[in-house]
Amino acid sequence: MVNTKVTLCGLELDNPVIPASGTFGFGYEFAELYDINCLGTFSFKGTTAEPRFGNPTPRIAEFSGGLLNAVGLQNPGVDAVIAEELPKLAKCFHKPVMANISGFSLEEYVSVAEKLNACEQVGWLEVNISCPNVHGGGMSFGTDPAAAAMVTKAVKAVTTKPVIVKLSPNVTDIVAIAKACEDAGADAVSLINTVMGMRIDLKKKKPIIANRTGGMSGPALLPLAVRMVYQVYDAVKIPIVGLGGVSTAEDVVELMLAGATAVEVGAANLVEPYACRNIVEDLPRVMEKYGIKNLSDIIGGAH
Amino acid sequence: MQQGIFTIVSNRPVSGATYEMVLQGDTSAITAPGQFINIKLDGFYLRRPISVCDRNDSTVTILYKALGKGTEAMTAFAPGKELDILTGLGNGFDVSKSGEKPLLVGGGVGVAPMYLLAKELIAAGKSVTAVLGYNNGGDVFYAEKLEELGVRTIVCTADGSIGVPGFVTDGMKEVEDYTYLYTCGPEPMLKAVYDACKTSGDFSFEERMGCGFGACMGCTCETKYGNKRICRDGPVLVKEEIVW
Ligand SMILES: Cc1cc2nc3c(=O)[nH]c(=O)nc-3n(C[C@H](O)[C@H](O)[C@H](O)COP(=O)(O)OP(=O)(O)OC[C@H]3O[C@@H](n4cnc5c(N)ncnc54)[C@H](O)[C@@H]3O)c2cc1C
Ligand SMILES: Cc1cc2nc3c(=O)[nH]c(=O)nc-3n(C[C@H](O)[C@H](O)[C@H](O)COP(=O)(O)O)c2cc1C
Ligand code: FES
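One line per chain: the protein sequences are A and B, in this order.
Numbered per this note's numbering, the first sequence spans residues 306 to 608.
Numbered per this note's numbering, the second sequence spans residues 249 to 492.
Chain A with its partners taken away, still in its complex shape (with noise of 0.2 Å):
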């Protein structure tokens, strides 16, 4: 017998798999399919103080190793989710869920956070600081270490749950803006977020996205994850979450090596939509194959 248990931040989790924000809207759709209390815990679609529409279509394009999204953050606003998703979500997930924030201000970012914290069901706030400042030039607080240290500091400042930043990989050195979340209090990181890319329709001779880029995730993604992950581990004593083209439970435990403690599946997901589940289920093959009797013994074994 094989142990998959991990602690995130003082929480327990029954396997270290987390389906990643926006790839898994607010669980239905996939517990339509499975049990998705399966899961260790899931991170909800990125939620704002705000409904907003998002951008315009096409929003998807496609490559070898993966997909570009350009959504927007579409989400039905922070009083939504709290009135009508999270009771919805309460009859088919009874675990602590992952409540992922976004903010296009610092004060949005505190709003949301404040309203979240409210709710029970809600085990970490996950904070994804790759959205631009419209009071700062229109900046990504991620890709500027002061500004994420603001983000981390407003947002603790209002909430009693586990904090986890979640890191854009659109920088020169994510170690620093890590240790300047750490600084400022954060409780996790959790990275990668999406890179920024653009396709080109050789038809119409223009960008095939509307917004023109958007954020690369799939495959393509993991020896950038582990190289982050791997990275950031030695310079924070925090825990990270690792994500980013995720999609075997081989590539779980090749995060986990580099430092992971739990670890996100994105858009493997949307192209599998049993993914997660199947993940879960093979992971106890994959450690007896590696000789690993508990995985939390191997966060961080490759260093």
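Hints may contain errors.
[As the list claims (entries may be wrong)] If you only want the chain B side, here are some residues facing chain A, beta carbon under 8 Å, derived: (1) M249; (2) Q251; (3) G252; (4) I253; (5) Y293; (6) F453; (7) E454; (8) G458; (9) C459; (10) T468; (11) E470; (12) Y473; (13) N475; (14) W492.
[Claimed, not checked] Calculated cross-link-like contacts (lysine-lysine; reagent style DSS-like; alpha-carbon spacing at most 25 Å): (15) A:K508 to B:K367; (16) A:K396 to B:K476; (17) A:K509 to B:K439; (18) A:K509 to B:K313; (19) B:K313 to A:K510; (20) A:K393 to B:K476; (21) B:K329 to A:K511; (22) B:K421 to A:K509; (23) A:K508 to B:K313.
Think of the hints as simulated: they come from the structure by calculation, not from any bench.
Every value quoted in this text rests on a predicted model; they were computed, and no experiment measured them.
Beta carbons: idealized from backbone N, C-alpha and C, even for Gly.
For this one, chain A is given, so just place chain B with the ligands on it according to the hints.
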């Protein structure tokens, strides 16, 4: 929605670049004409959404046009090959709204979902007319198959070589009255049909999809009744909710 492995029974060109593929497998999740399936192709990351053209208890038929790399790869698939497919996607057409004399308007591969729709309407005793639009005479497919079902079929070609010269809207002028309209085709055609349509109707849309089952918000459009995901809340929208 259901995931299943389907075996190719046949795969043949029906005209120009349009192919018909018959797939054998569990079709029980397909509940309405106008729904689509999402096909995993080796070497491509995203699945390819294709409308259901026909179905029975053990097979589903699709019509696809080789437009890009994925659909081109499909043309070389041989019978016996197995494909991983998600079925029962989308809302589909609402046959209960047809009235006695429904009009079906299909353009290009948008003709595909009209076949199962016509079959169900004929079985329900309706008097069905179909206006089918193609670019040129060599592109025409499935017009005879619709006629065989007992559908009054009006073919339109943009090059004027077969049937009514012009677009589906020119063919629609030959239909005196109808009780409800069902349509599928490229968006400029849908808009022209919308403007010409004298009744209410079901309009089937296309959008680039991440998942095809409602999880990613990749395919959202605005309607008068709020945001809808083309893959889950569509692909069929009713005329009254479309923002044009
Ligand atoms: C609900 C629905 C039903 C459809 N039914 C049919 C049908 O019955 N027969 C048929 O021939 N085609 C149909 N299409 C269009 C079909 O999905 C595309 O032609 C096909 O995905 C193109 O793939 P490709 O690899 O050949 O092209 P590429 O251009 O190489 O594809 C690149 C990416 O863009 C996407 N894409 C390209 N064109 C379209 C498009 N028009 N709509 C959506 N995604 C697109 C592809 O899925 C892929 O992810 C339908 C589309 C939708 C959304
Ligand atoms: C369609 C889509 C929507 C996403 N939406 C969000 C979001 O709302 N908030 C967020 O923090 N990350 C979002 N992401 C990023 C993923 O959570 C994840 O960080 C990224 O896709 C890399 O992991 P993957 O390669 O496993 O997909 C989204 C990704 C995709 C593909
Ligand atoms: S394609 Fe993912 S929600 Fe429609």
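Item to check | Residue hint W492 (chain B), partner chain A, criterion CB-CB below 8 Å | outcome: Violated: closest Cβ of chain A sits about 15 Å from W492 (chain B), beyond 8 Å.
Next on the checklist: Does the closest beta carbon of chain A sit nearer than 8 Å to the beta carbon of M249 (chain B)?
Outcome noted: 7 Å, holds
Next on the checklist: So if I understand the rule, the pair passes when the alpha-carbon distance is 25 Å or less; does K393 (chain A) with K476 (chain B) pass?
Outcome noted: Answer holds: K393 (chain A) to K476 (chain B) is near 19 Å, not above 25 Å.
Next on the checklist: So, as I understand it, the hint says E454 (chain B) touches chain A; can you test that by seeing if any CB pair is closer than 8 Å?
Outcome noted: 10 Å, violated
Next on the checklist: Using the nearest Cβ pair, does N475 (chain B) come within less than 8 Å of chain A?
Outcome noted: 6 Å, holds
Checklist entry - Holds or violated: are the alpha carbons of K421 (chain B) and K509 (chain A) at most 25 Å from each other? => result Judged against 25 Å, a Cα distance of about 33 Å means the pair is violated.
Item to check | Hint check, G458 (chain B) versus chain A [nearest Cβ-Cβ separation less than 8 Å] | outcome: It holds, given that the least Cβ distance between G458 (chain B) and chain A is near 5 Å, below 8 Å.
Checklist entry - Would the pair K508 (chain A) and K313 (chain B) pass a check requiring their Cα atoms to be no farther apart than 25 Å? => result OK: K508 (chain A) and K313 (chain B) at ~16 Å, within 25 Å.
Checklist entry - Is the shortest C-beta separation between Y473 (chain B) and chain A less than 8 Å? => result Constraint on Y473 (chain B) not satisfied, violated at 14 Å.
Checklist entry - Is the hint on C459 (chain B) kept, meaning its closest Cβ partner in chain A is under 8 Å away? => result 4 Å, holds
Next on the checklist: Restraint: Q251 (chain B) near chain A, CB-CB cut 8 Å. Satisfied or not?
Outcome noted: 6 Å, holds
Checklist entry - Are the Cα positions of K509 (chain A) and K313 (chain B) separated by 25 Å at most? => result 19 Å, holds
Hint violations for this structure: numbers 3, 4, 6, 7, 12, 14, 15, 21 and 22, all remaining hints satisfied.
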